[in-house]
Amino acid sequence: MEQKLRATLITGRTIEQGVGKERGKGSEEYYVSCAVCFFDKSDMIKLGIKNGSTVRVTSKYGSVIVKAQKYRWGVMSGMVFMPCGSWANVICGDETYSMGMPLFKGFPVEVEAAPHQPVLTLEELLMQQFGRNSE
Amino acid sequence: MSKTINNVVCPICGCLCDDLEVTIENNEIVKMKNGCAVCEAKMVHGYKSEERILKPMIRKDGKLVSVSIDEAVKKAAQILTDAKYPLLFGWSSTVGEAQRIGVELAEELGATLDNCCSVCHGPSVMATQEIGIPAATLGQIRHRADLIVYWACNPWASHPRHVERYTAFTDGRFEGSEWKNYLQKLKADSGRKKIEMASKRIARVEPPIKPQVCFTGPPPPMLEHKPGRKMIVVDVRKTMTAEVADYFLQIEPNRDYDVIEALRCLVTDQELDVDKVGGIPVDTLRDVADAMMNCEFGVIYFGLGMTQSLGRFRNIEIAIALARDLNRKTKFIISPMRGHFNVTGANTVFAWQTGYPFALDFSQGYPQFNPGENTAVDLLKRGDNDATLIISADPAAHFPSVIMQNMLKHPLITINPDMNAISRLGDVVFPTQWCGIEYSGTAYRMDAVPITLKKVVEAPPGILTDEELLIRILEEVRAIKIKRGEPVGQTEAKFTHPNTTKTPPVNTAQKKPKRATKKKVA
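Those protein sequence lines, which keep their order, are chains Y and L.
Count along the first sequence from 1, then add 75; that gives the number in the working numbering.
Count along the second sequence from 1, then add 2; that gives the number in the working numbering.
One chain only, chain L, in its complex shape (with noise of 0.2 Å):
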């Protein structure tokens, strides 16, 4: 028997879209609506593929054994507490609840605690910190914004629903849907399109090599006279977001800061004293600079091709100073395009735990927030850490080689529903839930609004959450230390069998109190 479950949150990107319509059979997702191509690859085929792993494994001769979750549990925490310096990585495809119980396992082991943001938007955080944001929820963006900037980012492949959801594609209550103006443009290209063939065909002449250039676009669409939303690309590449703009910058490699600084340059009326910057002519710019002083609502939204090149966290220092600058002629906003579910999640649960949000170092006994030091990737190339545990994350697919080298080194238990490439490589494996599909939990989207995630099947038998298996670790790790005479530390969450974690019987024979009534005075 098949039933249909309306509003599930997809657990992939930082949009974290709440309309799918999910069908269950035999307790499997068999269908969906709604989705993106790479919600329906984990929501219909990925979560129940032969990846999955569903008992715990120890590295032993080299070779992964499936053991008992005891066994793994107490191998894990042996490895742990013996290490003097354990590294704690991942935590960006979990929920909050299960960040928590992190936060505490850190603090208990003196060990660091490092999120996905480190090699993501960790130096967005950084350059917040340091000059402020000017942000919105998406649902504000969604009904009032009429410029769009993306740059360094193609939420077409990131995040596939970013677009129609909230900025050029969606029907807000102030500003429409862009989708029929770039139906009608994509009809003139394919027009366009098949005649340059024909006369190809005709002439039988090849097309020439076409130069290296980095800026390709036609000369600006007088982008203030176009009616309805705007949607501006600046990347270094054509990308198929580029593909569906109103404008595409072609900046060179490395050269975001520099545009920056002359689009703060033109919107504060100063002068340039050069023909282009980062291979974009200034005319050019100037048009950028007056479309977004003459947008009533604009917003810009970076990713990690800012984060990842040179200047780092002073590229996006760069770009809010320009969103502070444009904040004195109009509405301005600029949003990280945030990359896993609940990658916003890991900052603001450890920022309120700890007063941090990434980077964090217990060894100490107090948190301390050093990035570059306590970060993930330079403390793994120094090489000071012993031991390592990877939650909900793929280091190995995800940092370079050489530090993965590093990691190696030493023991690394990881926690990840299916064998991604770092289970592929750990030495205690453990298998864990889908949350999002097999629990729910809480997550914070890309604008830092939490939403409670849904369940839609069970999991299979034996499998616990992500919380549930950190609260055994952690409490495997306090009853080591206090054999050995140590200190332990306090708290309040309790590890309990799933099976007997079924909500209690309401009992009906409980009498529900009277209702004092008031007497009647004679």
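Bound-form chain Y, shown alone (with noise of 0.2 Å):
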């Protein structure tokens, strides 16, 4: 079993996200769609870690608690998969190219098994992160 994993970062959408954004931001929909990170079954057994266990997955950027949940489509070994969402957000880059994209995809990511973390609600995201919600 390995500590940490390196693996290559994709954001993107699930139609779970879509669902979720469109109910409302603070909705639990939202938050159970957006605050996970999809693994390829061969990472998870590497890394100690089973469907619904807490990891903490940190880029250059910064660091992020989110469930772990198995990718069902393929296989995608060395890559892990975000929704889209201020949970994602918290990791990825600000790197532009000049061209106004920051880094959404394709970035080096460390993973590792956070037990008995919690993973923060949108409220309490925001305020870690802006010092600000709307509370």
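One thing to keep in mind: the hints can contain errors.
[What the hints assert, rightly or not] Using 27 Å as the maximum straight-line C-alpha spacing, the simulated DSS-like pairs for lysine-lysine come out as follows: (1) Lys57/L <-> Lys457/L; (2) Lys5/L <-> Lys76/L; (3) Lys135/Y <-> Lys383/L; (4) Lys187/L <-> Lys228/L; (5) Lys195/L <-> Lys145/Y; (6) Lys116/Y <-> Lys77/L; (7) Lys65/L <-> Lys77/L; (8) Lys116/Y <-> Lys202/L; (9) Lys116/Y <-> Lys196/L; (10) Lys121/Y <-> Lys202/L; (11) Lys278/L <-> Lys125/Y; (12) Lys116/Y <-> Lys187/L; (13) Lys145/Y <-> Lys77/L; (14) Lys79/Y <-> Lys142/Y; (15) Lys57/L <-> Lys76/L; (16) Lys50/L <-> Lys35/L; (17) Lys189/L <-> Lys202/L; (18) Lys86/L <-> Lys333/L; (19) Lys145/Y <-> Lys189/L; (20) Lys125/Y <-> Lys77/L; (21) Lys145/Y <-> Lys135/Y; (22) Lys116/Y <-> Lys195/L; (23) Lys125/Y <-> Lys202/L; (24) Lys79/Y <-> Lys121/Y; (25) Lys383/L <-> Lys77/L; (26) Lys195/L <-> Lys121/Y; (27) Lys116/Y <-> Lys189/L; (28) Lys5/L <-> Lys457/L; (29) Lys5/L <-> Lys333/L; (30) Lys411/L <-> Lys145/Y; (31) Lys50/L <-> Lys456/L; (32) Lys135/Y <-> Lys411/L; (33) Lys187/L <-> Lys145/Y; (34) Lys228/L <-> Lys195/L; (35) Lys483/L <-> Lys411/L; (36) Lys182/L <-> Lys228/L.
[Said to hold, decoys possible] Okay, the calculated bits of chain L under chain Y, using three or more residues with CB under 8 Å as the criterion: (37) 155-162; (38) 397-405.
For the record, the hints were derived by calculation from the structure and aren't laboratory data.
Quick reminder that beta carbons are idealized off the backbone N, C-alpha and C, glycines included.
Take the two lone chains and join them into the complex the hints point to.
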């Protein structure tokens, strides 16, 4: 079992994230569908994690705790996928290569198991990142 | 009493499906037919959820406090006029009429004006400016396309009805639907899985862990011999869209440019000296190139996997060049999968108002276009701007946090119907009506066809539309500038209170002018 997994992060859309964002950013659906990271089965075995385990995903730009989920559609070892949303943004980079488009896909991250660590809600995450929220 | 409204336009993604059937009871949408899961989440539940903002709010002592609309408009106008270099960002989920006022406001303020396309298909727009684009409307593709390539996109998640309405699963005039073939494939797969499961139970052997491979598909099922429409998906990961495709190529991340260039070589009859490109064997690429050259009407739809990967707009440029090369052999179209329902409209309106589609700077008094300098993320990264207005967008959910931290160093005004992530962070928070549900307007589909959104229910009292609210802010900005003795622009747009915008009664007493009757000549 490895302590840390070095992987390439891809962020993108999922249908659940789409439903969640239209239900409302404060909704349970949005939280459940966005505060996750999808892994290949072989990578989950390497890290010793299961569906629903909490993991810490760290990049050069930040670190966030989300729930792990097995990627159901196919093989993608060495790659992790996060639905776009406030949780993925914490680790996305500001490098635009002078084109306006920041780093959302295809950059290196490190993933480690983070048992018993809480996955922050949107309000808590906004408070942690920006020091303010709607409350 | 319930009533049903037909042919309602869905205000969510760039498909702008216009066949929804909406049932209304007591001024509320209670049921909807024909929409996708995302559409139902918004039209039936989301628009009337607890997240809806009903009153303008201003942040006082760190907390959001409800205020009157007049106070909020004054505060917002004051922030914008006090700022030396404000940023107006968003515009992709509002109607063209509001975007037009947005351009006027940016000009009045000498602001930077950018829309969401700078973090989605901005590179596609830049590539189109470089090399042009062979395009067609979705109707043409629905009726004629016999080869559909989805490159680095997952319409099953982002445009759920795209395949069903416009490409492989639709019955066109000249091309049939592949839905039945897919169902047969599904049944065969399910039978095969059952047999595998049963054999595993009998043998009681754990399946081996699959090794790290990038190309996982079976050998090509001779695409050129398959009857009917063919669908190819190219992506870095297998998705639900890839599941329904005839063929799936899993390429290595950030290698789109290499693979497309290799396809160009094969299409133009050049030999490749390597065995694999981007993880794909050259023989497989040759089959794909053959399928592309032998189709009658092909189309490449590309998504954010291309625009957000290394290479950015160069990826799109080379993809358009591939379509251009293919057009020497057959008919080929290429099109971006535009995300928000009116992000194409934002580009279109900005372009016909100023000459440029996004990344505009009015600080010199005239529009300047420079992606990489005036784009929102670059501007915020440098920390140049000193106030921000966000309308119909949620950068707090779609910008990197390091960028958002810079935005929040200065006052933030937000205009959104519901309490999304950016509204939770705003200093002045405006509510607005849901366009396409509570008011009508013009939106541009992903193929740049303008479609009028329908109004189906009445908005809660006191909430203005985006256009009305922007006109009020613009009027207030001009009033402040006149007080300061600064020159102001002129506009034809005037704010009229919603209570007075009812259609004027027809004057029945007015007599129609009589038609001149020919006098009979004796």
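Against the structure, the hints:
In summary, the hint linking lysine 57/L to lysine 457/L is supported, as the alpha carbons are separated by about 21 Å, within the 27 Å threshold. A C-alpha spacing of about 40 Å is found between lysine 5/L and lysine 76/L, which places the hinted pair above 27 Å, so the restraint is violated. Only pairs whose Cα atoms come within 27 Å are accepted, and lysine 135/Y paired with lysine 383/L is accepted, the gap being roughly 16 Å. A threshold of 27 Å between alpha carbons decides the hint, and for lysine 187/L with lysine 228/L the separation of about 13 Å falls inside it, so the pair holds.
With a C-alpha separation of about 19 Å, the suggested pairing of lysine 195/L with lysine 145/Y holds against the 27 Å cut-off. The straight-line distance between the Cα atoms of lysine 116/Y and lysine 77/L is roughly 53 Å, outside the 27 Å bound, and the hint therefore fails. Taken as a hint, the lysine 65/L and lysine 77/L pair is honoured in the structure, with Cα atoms around 16 Å apart against an allowance of 27 Å. Taking the CA atoms of lysine 116/Y and lysine 202/L, the gap is about 18 Å. The hint holds against a cut of 27 Å.
Annotation: proposed proximity of lysine 116/Y to lysine 196/L holds, straight-line Cα distance about 21 Å (limit 27 Å). Restraint check: the Cα-Cα separation between lysine 121/Y and lysine 202/L comes to about 23 Å, which is no more than 27 Å; the hinted pair holds. Between lysine 278/L and lysine 125/Y, the direct Cα distance comes to roughly 34 Å. Violation of the 27 Å bound is thereby established for this hinted pair. For the given pair, lysine 116/Y sits about 25 Å from lysine 187/L by alpha-carbon distance, which is consistent with the 27 Å threshold.
Between lysine 145/Y and lysine 77/L the alpha-carbon distance is near 48 Å, which puts this suggested pair outside the 27 Å criterion. Only pairs whose Cα atoms come within 27 Å are accepted, and lysine 79/Y paired with lysine 142/Y is accepted, the gap being roughly 16 Å. A distance of roughly 15 Å separates the Cα atoms of lysine 57/L and lysine 76/L; the hinted pair therefore holds under the 27 Å criterion. For the suggested pair lysine 50/L and lysine 35/L, the alpha carbons sit about 18 Å apart, so the restraint of at most 27 Å is met.
Distance restraint check for lysine 189/L and lysine 202/L: the Cα-Cα separation of roughly 20 Å lies within the 27 Å cut-off, and the hinted pair is therefore satisfied. Proposed proximity of lysine 86/L and lysine 333/L is contradicted: the alpha carbons are some 51 Å apart, above 27 Å. About 24 Å separates the Cα atoms of lysine 145/Y and lysine 189/L, which keeps this hinted pair within 27 Å; it holds. For the suggested pair lysine 125/Y and lysine 77/L, the alpha carbons sit about 51 Å apart, so the restraint of at most 27 Å is broken.
With a C-alpha separation of about 24 Å, the suggested pairing of lysine 145/Y with lysine 135/Y holds against the 27 Å cut-off. Of the supplied pair hints, the one linking lysine 116/Y and lysine 195/L holds, its CA atoms being roughly 18 Å apart against a limit of 27 Å. Only pairs whose Cα atoms come within 27 Å are accepted, and lysine 125/Y paired with lysine 202/L is accepted, the gap being roughly 22 Å. Proposed proximity of lysine 79/Y and lysine 121/Y is supported: the alpha carbons are some 9 Å apart, at most 27 Å.
Annotation: proposed proximity of lysine 383/L to lysine 77/L holds, straight-line Cα distance about 26 Å (limit 27 Å). Between lysine 195/L and lysine 121/Y, the direct Cα distance comes to roughly 26 Å. Compliance with the 27 Å bound is thereby established for this hinted pair. Restraint check for lysine 116/Y and lysine 189/L: the C-alpha separation of about 25 Å stays at or below 27 Å, so the hint holds. Proposed proximity of lysine 5/L and lysine 457/L is supported: the alpha carbons are some 14 Å apart, at most 27 Å.
Restraint check: the Cα-Cα separation between lysine 5/L and lysine 333/L comes to about 45 Å, which exceeds 27 Å; the hinted pair is violated. Between lysine 411/L and lysine 145/Y, the direct Cα distance comes to roughly 38 Å. Violation of the 27 Å bound is thereby established for this hinted pair. Among the hinted pairs, lysine 50/L with lysine 456/L is consistent with the structure: their alpha-carbon atoms are about 17 Å apart, no more than 27 Å. Proposed proximity of lysine 135/Y and lysine 411/L is supported: the alpha carbons are some 22 Å apart, at most 27 Å.
Taking the CA atoms of lysine 187/L and lysine 145/Y, the gap is about 25 Å. The hint holds against a cut of 27 Å. For the hint linking lysine 228/L to lysine 195/L, the alpha-carbon distance of about 24 Å falls within 27 Å, and the restraint holds. This hinted pair checks out: lysine 483/L and lysine 411/L have alpha carbons roughly 25 Å apart, not beyond 27 Å. With a C-alpha separation of about 14 Å, the suggested pairing of lysine 182/L with lysine 228/L holds against the 27 Å cut-off.
Chain Y is given as covering the region 155-162 of chain L, and this holds because 5 residues of the stretch bring a CB closer than 8 Å to a CB of that chain, at least three being needed. Restraint check on the region 397-405 of chain L versus chain Y: 8 residues with Cβ-Cβ distances below 8 Å, three needed, restraint holds.
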